[in-house]
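Can you make the complete structure from the sequences, with help from the hints?
2 protein chains.
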Amino acid sequence: MTTAHQPQGAPGETRPGGRTARTREAVLAAVFEELGAGGFAGLTMEKVSQRSGIHVATLYRRWRSIEGLVCDLLTELSADVPLPDTGTLPGDLRALARSITAFYGEPRMRRLIEAVVSAAARDPQVATVLRSFFGERLALAGQMVERAVARGELPAETDPEQVMSALGAPFYYRILIARRPVDAALAESAATAVWAAARAGAYPREGHGPADDATGP
Amino acid sequence: MTTAHQPQGAPGETRPGGRTARTREAVLAAVFEELGAGGFAGLTMEKVSQRSGIHVATLYRRWRSIEGLVCDLLTELSADVPLPDTGTLPGDLRALARSITAFYGEPRMRRLIEAVVSAAARDPQVATVLRSFFGERLALAGQMVERAVARGELPAETDPEQVMSALGAPFYYRILIARRPVDAALAESAATAVWAAARAGAYPREGHGPADDATGP
Chain Z
1 MTTAHQPQGA
11 PGETRPGGRT
21 ARTREAVLAA
31 VFEELGAGGF
41 AGLTMEKVSQ
51 RSGIHVATLY
61 RRWRSIEGLV
71 CDLLTELSAD
81 VPLPDTGTLP
91 GDLRALARSI
101 TAFYGEPRMR
111 RLIEAVVSAA
121 ARDPQVATVL
131 RSFFGERLAL
141 AGQMVERAVA
151 RGELPAETDP
161 EQVMSALGAP
171 FYYRILIARR
181 PVDAALAESA
191 ATAVWAAARA
201 GAYPREGHGP
211 ADDATGP
Chain E
1 MTTAHQPQGA
11 PGETRPGGRT
21 ARTREAVLAA
31 VFEELGAGGF
41 AGLTMEKVSQ
51 RSGIHVATLY
61 RRWRSIEGLV
71 CDLLTELSAD
81 VPLPDTGTLP
91 GDLRALARSI
101 TAFYGEPRMR
111 RLIEAVVSAA
121 ARDPQVATVL
131 RSFFGERLAL
141 AGQMVERAVA
151 RGELPAETDP
161 EQVMSALGAP
171 FYYRILIARR
181 PVDAALAESA
191 ATAVWAAARA
201 GAYPREGHGP
211 ADDATGP
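Just so you know, the sequences run in chain order Z and E. Residues in the first sequence are numbered consecutively from 1, following full-length UniProt numbering. Residues in the second sequence are numbered consecutively from 1, following full-length UniProt numbering.
To be clear, the hints were calculated from the coordinates, so they are not data collected in a lab. Some hints could be false.
[As the list claims (entries may be wrong)] Distance windows between CB atoms, simulated:
no. : chain 1 : residue 1 : chain 2 : residue 2 : range
1   : Z       : A79       : E       : R131      : 47 to 55 Å
2   : Z       : G38       : E       : R108      : 29 to 37 Å
3   : E       : G36       : Z       : A156      : 41 to 49 Å
All C-beta atoms in this analysis are idealised placements derived from N, C-alpha and C, irrespective of residue type, glycine included.
And the structure:
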């Protein structure tokens, strides 16, 4: 965790780099260490308070719950996955797939996403946070698809967010469903697959069906 | 839930259609109803016992935990997603994608998979069950890819289980991460994407890299 990231969306956040930001940094670092030590099941506000030195009442006031803390940590850490601009869509897809692989290569990151998905299953407010978090990331990442459409690499009716969802999907399937580590082969496969599928018209904007000649009978 | 499915893997199962099978059917039906009524968070052995009329000690003896019950239910219900054999891989992929969409079109099914993934995050034994459950399903579904390779529709070095993982991945992403309902457009997109990507060599067996001409620079 670095202070270079703009803290975003934390309740009470007003002065980046100020005391509020330092409190957040200490608390999120503590959450991250606790996740590494005991996973989500053993995570409590009290443990985060002890490790961070921040009073437990402050934690409840600013983050409401353990789930709120974990979601905020996810937002913070996602700034570590840069959005590439290599000049070609295949290059961008491959670079992003490699960043995602590096990110989830750490077991603690896999536990974090497991924790967030589990929390969302139990708590509708976490589900809302998760949906909006991934929505924002997809919209940002979609810019690389928009550039590709502008360059003529993809059909004009391509839906950027569908393309980016399709790039991410194999990683979450691997982590949450297949329950095996992500690796370089997965990154390569995901990038190759999305590039071929996008060119075949598999990710049309609403109202444009997938190209029939690509689907077959 | 129908009695037509072969009960599989339940501890103590010896006579399909016998008393043990009827017990399992009653218990799994109760779990399904409880999930629909209150979701996973409110699910307890006691509630399942009350609804099914099966003694709680029997539940603990045969299924060990709520997580064990939910995994067994998943196994039972997955028999409702038939594996197609239409004569072409695009036809098979589209038919299977539509079956998956119908399966997870029910909110209760989405809650079920959320529950299983959450349970796996907390309990390594559930994680093992989940991994082996999806491993078996992938191996079975992979037969449609093997037939396609035999028909010459796909490169010989195609990995069947990777293809089937790629077909499933967008559905689990939609449910667990994007947290929106699955729909016909997703089925169409998933089938179109996997067909295009598989032909481009995106799912090679270990030791065969993705086709370089499909990946670009």
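Quick rundown of the hints versus the structure:
For the pair Z:A79 and E:R131, the beta carbons lie near 31 Å from each other, so the given range of 47 to 55 Å is not met. A hinted range of 29 to 37 Å holds for the C-beta pair Z:G38 and E:R108, which are about 32 Å apart. At roughly 43 Å, the beta-carbon separation of E:G36 and Z:A156 lies within the given 41 to 49 Å, and the hint holds.
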